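Given chain A, work out where chains B and C should sit, using these hints.
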Amino acid sequence: MTAHPDSRSSRWAALAALLTTSLLLTACGSSSGESANGTGQATSGGTLTFAVGSDSGCVDPQQVGSNDTIYSVRQVVDSLTDQDPETGKIVPWLAKSWDVSSDATTFTFHLRSGVTFSDGSPLTAQVVKENFDAVPKLGALGILAQGYLSGVASTTAVDKLTVRVKFKEPNAQFLQATSTHSLGIESSASVKKTPQQKCSQGVAGSGPFVLKQYVQNRSITLAKRSGYDWGSSLWSKKGEAYLDKLVFKVVPEAGVRAGSLQSGQVDAISSVGKANEATLKGGQVTLQRRANPGVVFGLGLNNSRPILKDTKVRQAIRYAIDRQQIADTVFPTGTQPATSVLAHTTPDYENLSSDLSYDAAKAKSLLDSAGWKAGGDGIRSKNGTKLSLTVKWFTNAATNQPALELIQQQLKSVGIDLVLKELQITQIAQVNQSGDFDGLWGNVTRADPDILRSSYSTKLANWYRVPASELDSVLAQQAATTDAAKRKQLVGEAQKLIVQNAHTVPVVELQTQLGVSKKVHNLDFDASSRIQLHDTWIG
Amino acid sequence: MSQSLVVDTSEAAVGPARPVDPGTGTSPGPGRRVEARRVLRFLLRRPGLLASVLVVVLVVLASFWPGLFTSRDPLKGVSSQNFRSPSSEHWFGTDELGRDLFSRVVHGAQLSLKATLIAVAVAFVVGGLLGLVAGFVGRWVDDVLMRFVDVLLSIPALFLSLALVTALGYGTVKVAVAVGIASVAGFARVARSEVLRVRQAVFVEASRSCGARWYSVLGRHVLPNAAGPVVVLATLELGTAILAVSALSFLGYGAPPPAPEWGTLISDGRNYLGNAWWLTALPGLVIAATVLATNRIARALDGEWSRQR
Amino acid sequence: MSRYVIKRLAQAVGVLWAAYTVSFLVLDFLPGDPVSAMAGAGADSAEIDPAQLAALRHQYGFDKPVLVQYADYLGRAVRGDFGDSVSTGRAVTATLTDALPQTLQLTGAALLLAVVIGGGLAVLATYTRQRWLRQLLLSLPPLGVSVPTFWVGLVLVEAFSFRLRWFPAFGNDGLRGLVLPAVTLAVPTGALVAQVLAKSLLTALDQAYVETARAKGAGRWRIHLRHALRNASLPALTVVGLLVGQLIAGAVVVETVFSRDGLGRVTAAAVTAQDIPLVQGVVVFGALIFVLSNLIVDLVYPLLDPRIVVASSRKASFA
Chain A
1 MTAHPDSRSS RWAALAALLT TSLLLTACGS SSGESANGTG QATSGGTLTF AVGSDSGCVD
61 PQQVGSNDTI YSVRQVVDSL TDQDPETGKI VPWLAKSWDV SSDATTFTFH LRSGVTFSDG
121 SPLTAQVVKE NFDAVPKLGA LGILAQGYLS GVASTTAVDK LTVRVKFKEP NAQFLQATST
181 HSLGIESSAS VKKTPQQKCS QGVAGSGPFV LKQYVQNRSI TLAKRSGYDW GSSLWSKKGE
241 AYLDKLVFKV VPEAGVRAGS LQSGQVDAIS SVGKANEATL KGGQVTLQRR ANPGVVFGLG
301 LNNSRPILKD TKVRQAIRYA IDRQQIADTV FPTGTQPATS VLAHTTPDYE NLSSDLSYDA
361 AKAKSLLDSA GWKAGGDGIR SKNGTKLSLT VKWFTNAATN QPALELIQQQ LKSVGIDLVL
421 KELQITQIAQ VNQSGDFDGL WGNVTRADPD ILRSSYSTKL ANWYRVPASE LDSVLAQQAA
481 TTDAAKRKQL VGEAQKLIVQ NAHTVPVVEL QTQLGVSKKV HNLDFDASSR IQLHDTWIG
Chain B
1 MSQSLVVDTS EAAVGPARPV DPGTGTSPGP GRRVEARRVL RFLLRRPGLL ASVLVVVLVV
61 LASFWPGLFT SRDPLKGVSS QNFRSPSSEH WFGTDELGRD LFSRVVHGAQ LSLKATLIAV
121 AVAFVVGGLL GLVAGFVGRW VDDVLMRFVD VLLSIPALFL SLALVTALGY GTVKVAVAVG
181 IASVAGFARV ARSEVLRVRQ AVFVEASRSC GARWYSVLGR HVLPNAAGPV VVLATLELGT
241 AILAVSALSF LGYGAPPPAP EWGTLISDGR NYLGNAWWLT ALPGLVIAAT VLATNRIARA
301 LDGEWSRQR
Chain C
1 MSRYVIKRLA QAVGVLWAAY TVSFLVLDFL PGDPVSAMAG AGADSAEIDP AQLAALRHQY
61 GFDKPVLVQY ADYLGRAVRG DFGDSVSTGR AVTATLTDAL PQTLQLTGAA LLLAVVIGGG
121 LAVLATYTRQ RWLRQLLLSL PPLGVSVPTF WVGLVLVEAF SFRLRWFPAF GNDGLRGLVL
181 PAVTLAVPTG ALVAQVLAKS LLTALDQAYV ETARAKGAGR WRIHLRHALR NASLPALTVV
241 GLLVGQLIAG AVVVETVFSR DGLGRVTAAA VTAQDIPLVQ GVVVFGALIF VLSNLIVDLV
301 YPLLDPRIVV ASSRKASFA
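Chains as they are written, first to last, in the numbering used here: chain A, 1 to 539; chain B, 1 to 309; chain C, 1 to 319.
If you're looking for bench data, these hints aren't it; they were derived computationally from the structure.
The structure presented is a predicted model; accordingly, all values stated were derived computationally and were not measured.
Just so you know, even glycine gets a beta-carbon here, dropped at the ideal spot from N, CA and C.
Fair warning: there could be bad hints in the mix.
Said to hold, decoys possible - Reference listing, derived: stretches of chain B covered by chain C, where coverage requires no fewer than 3 residues with Cβ under 8 Å from a Cβ of chain C: (1) 55-64; (2) 67-76; (3) 115-122.
As the list claims (entries may be wrong) - Here's a subset of chain A near chain B, in silico, CB distances under 8 Å, partners left out: (4) Ala254; (5) Ala278; (6) Glu405; (7) Leu420; (8) Glu422.
One chain only, chain A, in its complex shape (with noise of 0.2 Å):
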């Protein structure tokens, strides 16, 4: 079977009516600030410095979680789809077209031909059937990937350019998996090294940006790759980049990434956070924002716990935390308190405020019908124990430490005491996979509500050990329907049971924000709130 260009768009149409309901992507696309974007003839060469908060240790796309990283490993890879962040529609990328059987159990892409990867090797169906057979291997490994390619039965190349995968049940999520960094297509011979090697070493991949060099916790390199010509079908430059290089540099410290972005030492900074933004405004820096749709930030509990398998515990932390108070004080301007589990740019999401007011007389009663007592230090303590929590987070946002203090300072107020622990980025699949944790600080992005599966479900990975429920049903219903308003149903509900049993705490929506120099221009997000750089000039 060929596929017909013409024919490609109605196809498509049809798909995303089929598969993604009410998308609300185009609220969050408000970029803050006048935007430098278009102005001036746009110039090729040049480099682009970015100073990064953290990083993942590894810079393999299929492996890497980590918005900090994802940031300079993206720009390595294409997948097979991309995701109009205005629409969230599925466009064209290294396939140029799909068909999707009725029951969503199985994908056919058929890929432009002419494609090849930094190593030299032509892209091939064959080499799509080898990418998708390996990211389920990487386990716990692949943070993001995981649950994409959940419950595949086979993958196929059919001929040389056209690829097949059946899922066992549908899978309503997996066409917009395909748009992902995690499912970005690498070379052969890169997807036969082992993950170590792939994270260390890095990967061919066909992207308009090949790695130049890597030095752990210090810096990213990445150079044009020349004779680029299969962009994705939103990017407004055709053929290679405009950027000569892409310098990733690894800076810790919140303040001196603002400080270096101002001085022109950088040109590009992540994760500002409230507290830079007076000091950035103005003058020659714009701070680019975009909510990240997904999961929330929060406390991912560890539901095992002894302490935590008690409902009401959980849900009096829920109600002790003022996350107007947090969103306000630590947070980007505009940032949301949370209102669900999942961010309102999510398709499919469920505004269930009501349950996430803040209300701490109401944690207070639950605690004491709970059996935890007030106790002379302020803290409740129930025979003998103390309700004391250990939280673990990770240095890789400017934005982690002031909201977990306050965080703290909330939850002691009605006895709860939270003890915080730093931790690296690179031990993140390490903690994931020991449950070694009562509370876990972190989001999830994606623009999918599948995503509330890949987290929750106690068929796939289970890092908060949430018990078997009828959570498990509606969330496995969910991903295999092809009816977009049962799917939006089920969705909603899952939703509840998640937020209602507070398996987790939702506190705030993330919002990524950029400190962006004005000599540089088209620095946009993807569908992600990410950021995609093959469009990027500086000027």
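Using the frame of chain A, we list chains B and C on its own:
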């Protein structure tokens, strides 16, 4: 950095032999009032030293009775009043969550002073014992112990502390112990040379020849006479230990948030260098003033005071 | 002479061996299980199965008795092999030697600044007849050793990178990027140099030969520089070991403050990640640098000052 003061101490050890006063252990000296007046006169002639004593007294008071200086909660602030610059209301300004920085520094004194004292105590006790045993027993014991001390000295102190932190884990007390152990060697060396010096003194020889038991010689003569320089070293070490402890907590190995350890305060303030200079500058000044003051006092104890006598 | 050299060399080797042993002992006390950490950092599958753990344990030799482990590791360390970093998987030796040039650059520049500024300060303070100037100059070194290095760095960044925008705030970019870190590191080191030199200058100025020179009608500057400084700098050499120790320790903090590549940042990252082989490598490496610099001083010293009776000097232990 943490070894910067060892020069003075080694001089104390190898410098011109001090007169040994056989009576120190027993008689309290000629009249307290005269002594007190002399101390006062000594201080008044040295305004810098007086200021140093004042600073140390303030820090000690702050660490035991922080309530004397501030009634504000160091752990809780008004979040809408964050990033206020220093003013009459908030002497040191407020931090990212609206907490009063002055209150945090005052309450942090307790943690930092505790760590410092633990560090010096570990170094003093362990090092002192090593030196005492080596100097008193002599022979092969001396050789073995002093070779071990040489080895400790050959590892840069901070590296030794870092290795210990890697092994012990994070926290105020663990950091303190790590810093203490890293400075054991200096104490051992000074203690040993003092013990050797006193041992050979005439009155010690005399009391031994009179048939006194070794422990009575040790307790009555050697210890009281050898202790002086070791105590001076301990005062000198205070400053070094404050710096070493704050460096380790700056690197992130101290108490977890929200504990306001001095080094941690500066480290956290780094995130707001651009918009709130006071968060790094003022705690740093407090550390510097405290170290300067303890060093000045140590110097006075070591040199000027004994010379005046 | 050659007997002296051989003895010094043997001593240096002995100290290194003992330093290795001490670091082995310290890190062997580690309560956590290094193997689980390794497995978690780089496992293929979601579950760490016991068999895999055992295999890893075997691979790293943790299943052997401690003494055997020690002998194994020591044997390899002698050949310059400290194993692989747990967090990055790279060879420890390669990681350290890669980071070394950057740190040498930093410490070298800092040492130069420290000697020039600290030395100049000491000479001026002992030369001047203005009481207030002398007091002022002599009060600077105690200040220099009292301020926390990391704080000096941050204040310099605030002033010279963010406000004045003269120098970059972080990174290893060329000579301009070296200025602030080197100045920061030179503060405590320069203070130390000034203290030691001022002291020995004062001693030297009291000596008889100074009187002789003065009687012969030599000028003050001439006496000060030709006679006193020359004689005073020899004892100052004995603190070189101390200086080196201070410099490499200071580099840990300074490189962290300025996000500079180098040994110090490698060290800080290794401690944070509980990367035992790397921490051990760093400790032994630090001792190596320290011992080598002392060895050089020991060997050079008799050449500079023939009065020193070779057999009796024990300056390595001065620190």
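Satisfaction of the Glu422 (chain A) interface hint, Cβ to chain B closer than 8 Å: holds, 7 Å
Hinted contact Glu405 (chain A) with chain B - closest CB pair below 8 Å: holds, 5 Å
Verdict on chain C covering the region 115-122 of chain B, where coverage means 3 or more residues with a C-beta closer than 8 Å: violated (count 0)
Satisfaction of the Leu420 (chain A) interface hint, Cβ to chain B closer than 8 Å: Leu420 (chain A) check passes; min Cβ-Cβ to chain B is 5 Å, inside 8 Å.
Interface hint for Ala278 (chain A), Cβ within 8 Å of any Cβ on chain B: holds, 6 Å
Given hint Ala254 (chain A) near chain B, where the shortest CB pair must fall under 8 Å: holds, 4 Å
Coverage of the region 67-76 of chain B by chain C (three or more Cβ within 8 Å): violated (count 0)
Coverage of the region 55-64 of chain B by chain C (three or more Cβ within 8 Å): violated (count 0)
Of the numbered hints stated above, those contradicted by the structure are hints 1, 2, 3, listed in ascending order.
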